[in-house]
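Using the sequences and the hints given, assemble the complete structure.
Protein chains in written order, with my numbering: chain A, 423 to 717; chain B, 2 to 339.
Heads up, some of the hints might be wrong.
Said to hold, decoys possible - Chain A regions said to be covered by chain B (calculated; three or more residues, Cβ under 8 Å):
{"id": "1", "region": "550–557"}
{"id": "2", "region": "572–586"}
{"id": "3", "region": "605–618"}
Note that these hints are calculated values from the structure, not bench results. Even glycine gets a Cβ: it sits at the ideal position worked out from N, Cα and C.
One letter stands for each residue in the lines below.
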Amino acid sequence: MTLVGAGTADWFDVEGTVPTPKKARRLKDGTVGLVVGLVMLILLLIMGLLVPLLSPYTIEQSIDMPFLPPSSTFWFGTDGLGRDVFLRVFDAVYLDLGVALLGVMIPFAIGTIVGIGLAVGRSKVLNAIVGSIIDGINAFPLLVLAIALIALLGPGLQSVVIALSLTNWARYARLARTRAMVVKQQGYIEAAQTLGYSKPRILFKHLVPNVSSETTAYALSDLILVILLIAGLSFLGLGAQPPTAEWGAMISDGRPTFQIAWWPVIFPGLALCWAGVSLSFIAEGLTRRERDVKS
Amino acid sequence: MTAPTPTTDAESALKESGHGDGPRPQSTGEKILRRTGRAIIVAFWVMVVAFMLIRLSPGDPVTAALGGDAAPETVEALRKTLGLDVDPLTQFWQYFTGLFQGDLGASLISGIPVTEMLRTNLPVTLWLILTTVVMTLVISIPLAMFIALARIPGLPYVFRTLTAIGLALPSFLVALILLYQFGLVWGIAPIFGYDPTFPANMQYLWLPALVNCVVLVPVLSRVLYSSILDTLDEEFVETGVIRGVRSFRFFWFYVLRPSLAPTVVLLSYMMGVMVGSTVILEIIFALPGIGRELVTAVTMRDYPVVQGIILVFGILVVFLSLLGDIVASILDPRVKLT
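In structure tokens, the structure reads:
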């Protein structure tokens, strides 16, 4: 594994005789991280599927014994209402990840379309106005805009998704527009035009795939941010409402009694970190692999 | 804010450095001027977005504030108070002129003008941001320098793994744990309260700022680390080594200063995320800042306050990014500002 990028500061090696390693069969940079991340994610998804299926309880069912510490029967203990924390934590997997995925995919689609439209479109006035609105939206912290929109829409996960769709698209639009401007100038677009391909064909077969490869890379790191954002909004009481099992809401629920019972807070928190870290490792692994191929 | 005038110094330095061999080299002053102009335009659109948010989003603020079964007279009265009874263009004009007269409307609940609320609450948020930025730099710079220069095998790998983890940690969870450990178990941090005077407020701010660093340090130290590695590749560093430039001068002028610019640009880019996370931290640490005010206003459906505060947040981010870009272009004249 090359720790410091190849060719870095060779003057530091006074001996200067470090042989360049042969291009032997070796794992690409970042493969380990990618695999670890994927395994972590798959484990979480499997647990999210199995635990609610196999558990004898339901997420709202109380066993009348609040604040039982973690034990062999209740691995993660019980919360203030006597509900099984283990079940609730894993029941939330698909809700948290699903809402986040939605909160990334809708802005991704809107943003890519708007961005490419701006780069391809001819109307200067429209371009200037939409471009300025994009800058205006992007200037706000995402969390602040989402909070403000939820003020109008009312709290709930549905509002969170709508708020994200109305705001986060601007980031994708800016990225897609910049990228589409570059792609437009590329030789293969000109070649396609010379060959007399129709405009829709050039747009959908050449421009869109090349632009969306860039925005997809951003979407992965955005997914981490959005997962944290959704949990954060729920923590503030603006996202998932009780008794829904959602990590942020569970942490918020357990917060007043954190001193006497840490488990209703820490376990959902760990699940949230686990999800974030797995995606972070995947994103990191993918970027490093790509860079490794290029160099 | 006064924009610095272009100095001939900077221009000649740029020409001599040979880096400005683009189509038309820009002086640092010129770049800063252009960037400031752009920030003003963006600030205008921030105002427009804050204005439109209340009017164009799905859901009617008046029925949302009063509930569905309010009497028509009450609805009409509130519509009038909010200035929603005239056409949108007039509304925008009233809002726009009001802004320049320092009028952001008044709270629907308490009747206190929004500007009055800002006067007491905004400094708290600004102090928190300032403390966070200072702490982030104080932690990130030595950390990245050490990892880039120490050349301990395996260390960069550990560092990269740890930053990938740090990136994905929810700040509110970190805040809860640290507040519990530092505030309740060790008793070295107050768990609530605030003192608005300078040295005394640090006692309340250091822990929230430290938590906020969890968001920033992984990203910043990573970028600074790879930026230092890039700088070490530059010929001027080699020249410095050959000429025998030593210790402080070498580290600051040859290695750190040219590496800092991308970090500062990134810091200004991260301001949005950071300012956003102060909202949550203000709530957990019970700091009377504008973020906490915003969430209270949202739960009370107090629209003028919501609109006023998000406007301030937007302008704040625009201003902080501008500041970051200016600092970056002073640190390294090669930086291109968009």
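So, going through the hints one by one against the coordinates:
1. For the region 550–557 of chain A, the stated coverage by chain B is satisfied: 3 residues place a CB nearer than 8 Å to a CB of that chain, which reaches the threshold of 3.
2. Coverage of the region 572–586 of chain A by chain B holds in this model, with 6 residues showing a Cβ closer than 8 Å to a Cβ of that chain against a need of three.
3. Check on the region 605–618 of chain A: 0 of its residues sit with their Cβ under 8 Å from a Cβ of chain B, so the three-residue criterion for coverage is violated.
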